[in-house]
Each structure stands twice: as structure tokens, then as C-alpha cells.
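J.: Chains as they are written, first to last, in numbering that gives the first Met the number 0: chain R, 0 to 133; chain S, 0 to 100.
No wet-lab data here; the hints were simulated from the structure. Take these hints with a grain of salt, some might be off.
[Claimed, not checked] Incomplete in silico selection of chain S near chain R, CB under 10 Å:
1. Glu33
2. Ser44
3. Leu70
4. Asp76
5. Gln97
[As the list claims (entries may be wrong)] Derived DSSO-like pairs (lysine-lysine); straight-line CA-CA distance at most 27 Å:
6. S:Lys73 to S:Lys48
7. R:Lys50 to S:Lys50
8. S:Lys73 to R:Lys50
Note that beta-carbon positions come from the ideal geometry of N, C-alpha and C, so glycine has one too.
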Amino acid sequence: MSTKNFLFVNRKAPYGTVYALEALEVVLISAAFEQNVSLAFIDDGVYQITKGQNSKATGMKNFSPTFRALGDYDITKLYVSIESLAERGLTVDDLMELTYEDADDDYAEKPSIILVNREEMAAMMTEQEVILSF
Amino acid sequence: MAMLHIVNKSPFERVAFDSCLAHASAGDSILMIEDAVVGAVDGSSFSGKVKAAMSDKTVYVLGADLAARGLEGKAMDGIVSVDYAGFVDLTANNDTTQSWL
């Protein structure tokens, strides 16, 4: 099977709707097919990867720890919009520390989050072959 | 006649929160739940509007929804955090309730 560049665009906050959780499910499925997967977090999508999420009192499952596992599935490119963070009063310090072990570099632990501006995000999008939006 | 306005949509995605603020009267209460709780965060491009509303209205946030999104402790000063029991109290203590879906 051929390998394609897949991009999953996440633009919604978690918990209020099911989009964020469903996107994560599809991302994990795509990993099983050994595709070249990238994730984009734009607009309210940046709330999906905030640290310290505690959904206990809402009765919903906190699925944010799953993002930490993406590195083990070779999903190592999580593009986060700088502008979207700033508009929401957030910085990269408010996000989870998501990392992966680089097999080509003696399994050194490296950050998966790539902060990009709109221009860089747009350039990354032009490199994709399949784009799925949530 | 005090009214409780309940808003559940992110102000960055929908205009429901803006409409709510535009229609709420002095002395009313505004409660952010679900995705609307992101509007409680200080320093955002929307926080100025919430601060303006707080001059003559009381603004509440459902703490459970704030915590779920990792935003506990990031709410601006003056916003009152309530639990589910507090949510019920707000509906009981106001004459009417309007949900901005």
C-alpha cells in the first residue's frame, strides 16, 4: 500500500462536541496503516492539548493523555497555531509536553509540538495529499 | 425581573456569546458552561467583552467544564465559579432562564 501525507485538522474544543475525540480515534486508525500523519491544531482546536485537563466532575472521560501516546505510533508532527494560542490568552506553556523518541537519533526524546504561524501552517498544508477536518 | 443567561458555545467559533452579551440587561446573570467556558480565560481577544459585562452583570462559570479543558485557574478575576449544585441554585434564584444555544 502506498504511503501518503495525511493531515488531520483539529479546530474544535474538546468535550463540548464529540469532534475532538472522534478525530483522535481516526488518527490512531491511520497510524495502523503506516501513513505519514501530521496534525494541525487551529482555532479552538488548541484547547484539545492543554495540560492539566480534569474532566472528572463532568462525568466525561479525559482523553487528553492519549495525545501522549501518539509518538509511539510514529505520529510526531503536531503543528500548533501561534495566533490561535495568542487570541485565546494561551502560550505553549499551557500545553502538554508531547514528545517522541527519535529512532534515527539514538531514541533521543524530542518535542512533537511544532509552533507555526499562519504562513507556515499554510505552507505545511500545501504538502499534504489527504486532509481530514474535524 | 432578573434573568439567567446560559451560554454554551465558544465565543471564538460562534456569535452566540456575543449575542448573549448584547441582549443581557443590567442586574442579569450570565453562566458559561460547556465550550463557552473558554470565554472565561483572562488575556484572550474576548476577555474585554466579558470584563465590560461584569460592570453591571454577574458572570459565572461552571467549574467542572473549566477544569475539563485544563483552564482552571486561568479565569479572570470577578468571574464566580460554580458547581452543578450552584448551577441549579442560579436557575432557581432567577425569574427566568434563557439559553443561548
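J.: Indicate, hint by hint, whether the structure satisfies it.
T.: Structure-based check of each hint:
1. Glu33: Since the shortest Cβ distance to chain R is 4 Å, the answer is holds.
2. Ser44: Holds, about 5 Å.
3. Leu70: Nearest chain R Cβ about 7 Å off; hint holds.
4. Asp76: 13 Å, violated
5. Gln97: 19 Å, violated
6. S:Lys73 to S:Lys48: 16 Å, holds
7. R:Lys50 to S:Lys50: Roughly 25 Å separates the two Cα atoms, so the pair holds.
8. S:Lys73 to R:Lys50: 12 Å, holds
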